[in-house]
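> Add chain B to chain A, keeping to what the hints say.
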Amino acid sequence: MKHLFDLVLFNIGAKLEEDTKHKYIGYVWFVLEPLLSALVYYVVFKLILHHGEENYIVFLFVGIISWKWFSNCVSSGANSIFANRGLYKKIYIPKIIFPWIEVGYSTVKFLIVFAAILVVFRISGHPFTINYAYLPFLVFCQFAFSIGLAVFLAAILPYFVDLKIIIGFFLKLYFYPSGVLFNLKRVPDKYRWIVDYNPMAQGIESIRNIVIKGEAPNMQGLLLMLGLGIAFYLAGYLIVSRLDKAYAKIGV
Amino acid sequence: MEKAITFQNVGVFYPKQGWSILRPKKIQEGYWALKDISFEINQGDNLGIIGNNGAGKSTTLALISQIISPSKGSVATYGHRSALLSINAGFSQSLSGRKNIILLGLSLGISKKVILEGMSEIISFSELEEFIDEPVETYSSGMKARLGFSTAMVLHPDILLIDEVLGVGDRNFKKKSSEAIKQKLRGNTTAVIVSHSEQTILELTNKALWIEKGVSMAFGDSKKVMEEYIAFCEKKTKA
Numbered sequence: 003m004k005h006l007f008d009l010v011l012f013n014i015g016a017k018l019e020e021d022t023k024h025k026y027i028g029y030v031w032f033v034l035e036p037l038l039s040a041l042v043y044y045v046v047f048k049l050i051l052h053h054g055e056e057n058y059i060v061f062l063f064v065g066i067i068s069w070k071w072f073s074n075c076v077s078s079g080a081n082s083i084f085a086n087r088g089l090y091k092k093i094y095i096p097k098i099i100f101p102w103i104e105v106g107y108s109t110v111k112f113l114i115v116f117a118a119i120l121v122v123f124r125i126s127g128h129p130f131t132i133n134y135a136y137l138p139f140l141v142f143c144q145f146a147f148s149i150g151l152a153v154f155l156a157a158i159l160p161y162f163v164d165l166k167i168i169i170g171f172f173l174k175l176y177f178y179p180s181g182v183l184f185n186l187k188r189v190p191d192k193y194r195w196i197v198d199y200n201p202m203a204q205g206i207e208s209i210r211n212i213v214i215k216g217e218a219p220n221m222q223g224l225l226l227m228l229g230l231g232i233a234f235y236l237a238g239y240l241i242v243s244r245l246d247k248a249y250a251k252i253g254v
Numbered sequence: 002m003e004k005a006i007t008f009q010n011v012g013v014f015y016p017k018q019g020w021s022i023l024r025p026k027k028i029q030e031g032y033w034a035l036k037d038i039s040f041e042i043n044q045g046d047n048l049g050i051i052g053n054n055g056a057g058k059s060t061t062l063a064l065i066s067q068i069i070s071p072s073k074g075s076v077a078t079y080g081h082r083s084a085l086l087s088i089n090a091g092f093s094q095s096l097s098g099r100k101n102i103i104l105l106g107l108s109l110g111i112s113k114k115v116i117l118e119g120m121s122e123i124i125s126f127s128e129l130e131e132f133i134d135e136p137v138e139t140y141s142s143g144m145k146a147r148l149g150f151s152t153a154m155v156l157h158p159d160i161l162l163i164d165e166v167l168g169v170g171d172r173n174f175k176k177k178s179s180e181a182i183k184q185k186l187r188g189n190t191t192a193v194i195v196s197h198s199e200q201t202i203l204e205l206t207n208k209a210l211w212i213e214k215g216v217s218m219a220f221g222d223s224k225k226v227m228e229e230y231i232a233f234c235e236k237k238t239k240a
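Each protein sequence line maps, in turn, to chains A and B.
The first sequence begins at 3 in our numbering and counts up by one.
The second sequence begins at 2 in our numbering and counts up by one.
Hints may be right or wrong, so weigh each one.
[Unchecked claim] Residues from chain B that face chain A, not an exhaustive set, calculated with beta carbons under 7 Å:
id: 1; residue: Asn10
id: 2; residue: Gly12
id: 3; residue: Tyr15
id: 4; residue: Gln67
id: 5; residue: Ile69
id: 6; residue: Ser87
id: 7; residue: Ala90
id: 8; residue: Ser93
id: 9; residue: Ser95
id: 10; residue: Ser97
id: 11; residue: Leu107
id: 12; residue: Ser108
id: 13; residue: Val115
[To be verified] Distance ranges between label pairs, derived from CB positions:
id: 14; chain 1: A; residue 1: Tyr178; chain 2: B; residue 2: Ser142; range: 25 to 35 Å
id: 15; chain 1: B; residue 1: His81; chain 2: A; residue 2: Ala237; range: 24 to 34 Å
id: 16; chain 1: A; residue 1: Ile167; chain 2: B; residue 2: Glu138; range: 29 to 39 Å
id: 17; chain 1: A; residue 1: Pro96; chain 2: B; residue 2: Lys4; range: 20 to 30 Å
id: 18; chain 1: A; residue 1: Pro96; chain 2: B; residue 2: Glu138; range: 24 to 34 Å
id: 19; chain 1: B; residue 1: Glu135; chain 2: A; residue 2: Leu51; range: 45 to 55 Å
id: 20; chain 1: A; residue 1: Leu37; chain 2: B; residue 2: Trp33; range: 28 to 38 Å
id: 21; chain 1: A; residue 1: Ala237; chain 2: B; residue 2: Glu131; range: 19 to 29 Å
By construction, these hints were calculated from the structure, which means they are not laboratory data.
Every value quoted in this text rests on a predicted model; they were computed, and no experiment measured them.
Glycine is no exception: its CB is placed at the ideal position from the N, C-alpha and C atoms.
Chain A on its own, in the form it takes in the complex (with noise of 0.2 Å):
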């Protein structure tokens, strides 16, 4: 156990070197990717649609990253097992540390930025109240839904490799109602339940709500990320549990 802790550890680390490594503003990139999709959109919805909410900008830029983050991790997740075929063909490696690494690596880059932005918002006078002390939780629960999914998607890709195309256009459309350009409260009642029992969407508004105004976060729609994370899991860990000298068998 600790061994495979130190081996994601480590192979996280290798990640985030040769993602920097070659640029001239490695880290800088980190927030500023996120801040120039948020400046694209603000163009496009506040200036050019005048559309958009209070405070736009930064209403995006929590979205985004919130939203990055989650699509990283299941997109670099669900491959990650069939990427590294080339790896466990030669030497046996427990399946189950791929998806770690590829989550872990998104979260470790989600957070640096994060940290970045509580950084700024506090320069600037921004007001913490009490309920900062959830986002803790809140980071808990959507790593624990993105790993979940990771770690599914990635157990059965390998013998599915069309999965990747699948899963790629399913999160180019889980974008638009995950609220990440907009407030849920705009809404329509009709079209409630698309939002209301939607994880991403939950955990994007109750971000917002910590972080920019302060307030208490959707405990339900965070025990709805929480328990569909594990589920997913479970189901995701015993697939790979009994397929782990399976997948190297495949197309050889």
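Just chain B now, kept in the frame of chain A:
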């Protein structure tokens, strides 16, 4: 004598990739790389595996190193860890050689403490001292082979697996690395060697397994098995 590896009527099925939900029957497509392999070696034995191309020699190595599980029959390695000596997979390109030693060692299932203890020996064996803190992407393929070989050699697994090539790298390093392997084999190390060279098998192994089309044809004393194999091959060329 303590047992090291036991194979009992082992078969391995490789399914074809790319079955889809619409055609679930396709998962049954594929081929049996091994059909019926049985043998047993003890600790300290050096086993040579011989057979024609596509006989299933590398699949047998993959079973021993626990990379794959048998589709039928049983494989026991009695808790021994084994790994191929010539590894060039799993390098992280922009990381230094030193960090890649840790990465590869951890991937081989070795604890960080043991890796760090063996670090200086690995570096000196690989003769990469001046380059060890440079990123691996700047290495030549020979240097990468040396790095992988030295890591596996120094952090030696319980059972050494050798696929075809004894040594790696340029002429000098090849000589040095095959010498190092031979020295280990003469000692109490358990090893499995796949080779087409009659000389290698007779010189380095005491037992041999002859595989033909996924079935074990003969197992026992290297010299005897080799003679049978050669007789079989000669008969086939005449016919």
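> Are the hints correct? Go through all of them and say.
Evaluated hints:
With its C-beta approaching chain A no nearer than about 18 Å, Asn10 of chain B sits outside the 7 Å limit, and its interface hint is violated. For the restraint placing Gly12 of chain B at the interface with chain A, the shortest Cβ-Cβ distance is roughly 12 Å, beyond the 7 Å limit, so the hint is violated. For Tyr15 of chain B, the shortest C-beta to C-beta distance to chain A is roughly 5 Å, which falls under 7 Å, so the interface hint holds. The restraint placing Gln67 of chain B at the interface with chain A holds, with a minimum CB-CB distance near 4 Å, inside the 7 Å limit.
Here the hint on Ile69 of chain B is kept, as its CB sits about 5 Å from the closest CB of chain A, short of 7 Å. Violation of the interface hint for Ser87 of chain B is found here, the shortest Cβ-Cβ separation to chain A being roughly 10 Å, above the 7 Å cut-off. This hint holds: Ala90 of chain B has a C-beta 4 Å from the nearest C-beta of chain A, less than the 7 Å allowed. Contact between Ser93 of chain B and chain A, as hinted, is supported at the beta carbon level, the nearest pair being about 5 Å apart and thus within 7 Å.
Checking Ser95 of chain B against chain A: minimum C-beta separation of about 5 Å stays under 7 Å; hint holds. The criterion of a C-beta within 7 Å of any C-beta in chain A is not met by Ser97 of chain B, whose closest approach is roughly 9 Å, and the hint is violated. Interface hint at Leu107 of chain B: satisfied, since its Cβ lies 4 Å from the closest Cβ of chain A, which is below the 7 Å cut-off. Evaluation of the Ser108 of chain B hint against chain A yields a held restraint, the C-beta minimum of about 5 Å falling below 7 Å.
Restraint check, Val115 of chain B versus chain A: the minimum CB separation of about 10 Å is more than 7 Å; hint violated. At about 48 Å, the beta-carbon gap between Tyr178 of chain A and Ser142 of chain B misses the expected band of 25 to 35 Å. Checking the proposed 24 to 34 Å range against His81 of chain B and Ala237 of chain A shows it holds: the Cβ atoms sit about 33 Å from each other. Checking the proposed 29 to 39 Å range against Ile167 of chain A and Glu138 of chain B shows it holds: the Cβ atoms sit about 30 Å from each other.
Range check, Pro96 of chain A to Lys4 of chain B: about 25 Å between beta-carbon atoms, so the 20 to 30 Å window is met. The hinted range of 24 to 34 Å is satisfied by Pro96 of chain A and Glu138 of chain B, whose Cβ atoms lie roughly 27 Å apart. Restraint check, Glu135 of chain B to Leu51 of chain A: a C-beta distance of roughly 52 Å satisfies the suggested window 45 to 55 Å. Separation of Leu37 of chain A from Trp33 of chain B is about 56 Å and departs from the stated range, judged on CB atoms against 28 to 38 Å.
Between Ala237 of chain A and Glu131 of chain B the C-beta distance comes to about 50 Å, which lies outside the given range of 19 to 29 Å.
Checked against the numbered hints given earlier, the structure breaks hints 1, 2, 6, 10, 13, 14, 20 and 21 and satisfies all the rest.
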